[in-house]
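Order-wise, the sequence lines are chains A and B.
Quick note: the first sequence uses the working numbering, first residue 1, plus one each step.
Quick note: the second sequence uses the working numbering, first residue 302, plus one each step.
Check each hint, because a few of them may be wrong.
[As the list claims (entries may be wrong)] PhoX-like cross-link-like pairs, simulated, lysine-lysine; straight-line CA separation at most 25 angstroms: (1) K471/B / K158/A; (2) K245/A / K43/A; (3) K138/A / K471/B; (4) K381/B / K255/A.
[What the hints assert, rightly or not] Where chain A lies over chain B, by a calculated footprint (3+ residues, C-beta under 8 angstroms): (5) 423-432; (6) 439-446.
Because the hints were derived from the structure by calculation, they are not lab data.
Beta carbons are placed, not taken as given, at the ideal position from N, Cα and C, and that holds for glycine.
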Amino acid sequence: MLLAACHSGHKTKQPKKIAVIVSTLNNPWFVFLAQTAAAEAKKRGYETKIFDSQNNTALESDNFENALASGYSAILFNPTDANGSVVSVTRAKAAGVPVFCMDREINSRTEATAQILSDSYSGCVEMGKYFVKTMHKKGNYVEILGIVADNNTWSRSKGFHSVVDDYPGLKMVAQQSADFDRNKGLEVLESILQAHPDIDAVFCGNDAMAMGAYQALAAAGKANQVKVFGFDGAEDVIGYIKDGKISATAMQFPKVIAKTAAKYADEYLKGKRDFPQKVPVAVELVTAKNVDDYVAYGKKN
Amino acid sequence: MTMRKGIRYFLWIAAILAITYSSVYFKKLSDVNAGTAKAFDAARYASNYFYKQLPAAITKAPDVNKLIVMIKTDTVAAFKTYGHALTIGTTRYFLVQGKGTIINIDDDGVEVSTPSGNPVLLATEFVYGNALRDASGLVDINKFSNTMDLNNISAEVDRIVRTKILPAVKPQLKKGSKIIFSGAVGLNQAHLQLEDMEITPASLKIIP
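With the hints as constraints, model all of the structure from the sequences given.
Right, dumping it as structure tokens:
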């Protein structure tokens, strides 16, 4: 009995656990997102562990399986695939474990407890306006898309085109995916430049691809003629904007996203149940004019 | 033997017909449409919002100069009292109204000198974004589970301004003309740039 009491007492002292399941740790932006979410959950008294899905839904499913079997009470989740990730979230929901999506959404309005997402569309509307002004409403451009199965890819593209397509002088000569990957961004633009050497600008769905695109342009001796536009607010791109190598990026705030997700999970585990399904986080345009106000992944304090 | 073959063919044809019959069916398109959830009509929502809800909200909006003075003297109170946004962040949108004299016109907008002397810029070219949707505080994010519906509201509201409001008044815009205006402006509390503020117009009227 004494032993049982000791055991029970020990059990109540165990902190609850929050899992952070992230699409990839092969991109510094997602490393920052995952580490911030884990740190915030830890600050709130939870034991945490980061699971890397390596952009693979099968591995992501295994991560969910492990998290559920290991007794995690909530999951802070950065999905790999808007459709393919739904089944894992459904499984967690069925097990009574709330899931809070971070940055990337899943195509379900009922399975996640809340989805905290960058307002990518609106960020790219602002990017589109700046693009048209910078290009003086004319020129040939290339669009490099992110992962085709990710909703962010299309939110960004649609926001950009909702402005740029109203200007017939701006012609998109090629549109191709590079999976949000720097090396693929480099290869894709190298290949496009073979067919379209006369481009004036490249709009990339994230900063990693923008860095790859810039590298391709530099190798082709075109870095000074072709303007590059990114999205994310990554450290190297902030530096490149200061140096005049990249024209603009759209700053996301992974710290805000991660901290909000951890806060919501904490509130849920303390009894709160009414959460908005989608919580957009503002994205801000960063150009040479205001770049000094920003640091990587956020604003200067 | 031939008889057996005939029966076999008959059975095959009967089976194919039975499968085909049970695989294909026809239904009235109107019945199908009635059974599916109605898609959100952003254009209709935007029209109701722009022509009915927004004008009522604008009557309570501060004069643009009063807002600027308040922001300069008590930024936190100004943002709390008048600022709205659907997103988490430091950018908030404000409804404003005002009047003044046109002092400059270029491809992007109209610069207006106001009675207190602070010139303001009214956008006439790049009318895109969430300023008019968010500034009133009337659009409730919790009523929309699909983010794209919210994006489409902004796009449709801005389209009304670009295709209806601006073409009607643009030919009358001349340097020296007196103008009454209302609209929305976005400001970032963390990095205030009052000198760059640009008003997305909701209404523009030249005073004869």
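Results of checking the hints against the structure:
Of the pairs offered as hints, the one joining K471/B and K158/A is violated, with about 28 angstroms between alpha carbons and a cut-off of 25 angstroms exceeded. Between K245/A and K43/A the CA atoms are separated by roughly 39 angstroms; this puts the pair beyond 25 angstroms, and the hint is violated. A distance of roughly 23 angstroms separates the Cα atoms of K138/A and K471/B; the hinted pair therefore holds under the 25 angstroms criterion. Annotation: proposed proximity of K381/B to K255/A holds, straight-line Cα distance about 23 angstroms (limit 25 angstroms).
With a threshold of 8 angstroms between beta carbons, the proposed coverage of the region 423-432 of chain B by chain A holds, since 4 of its residues qualify and at least three are required. Three residues within the 8 angstroms Cβ limit are the bar, and the region 439-446 of chain B against chain A gives 4, so the coverage statement holds.
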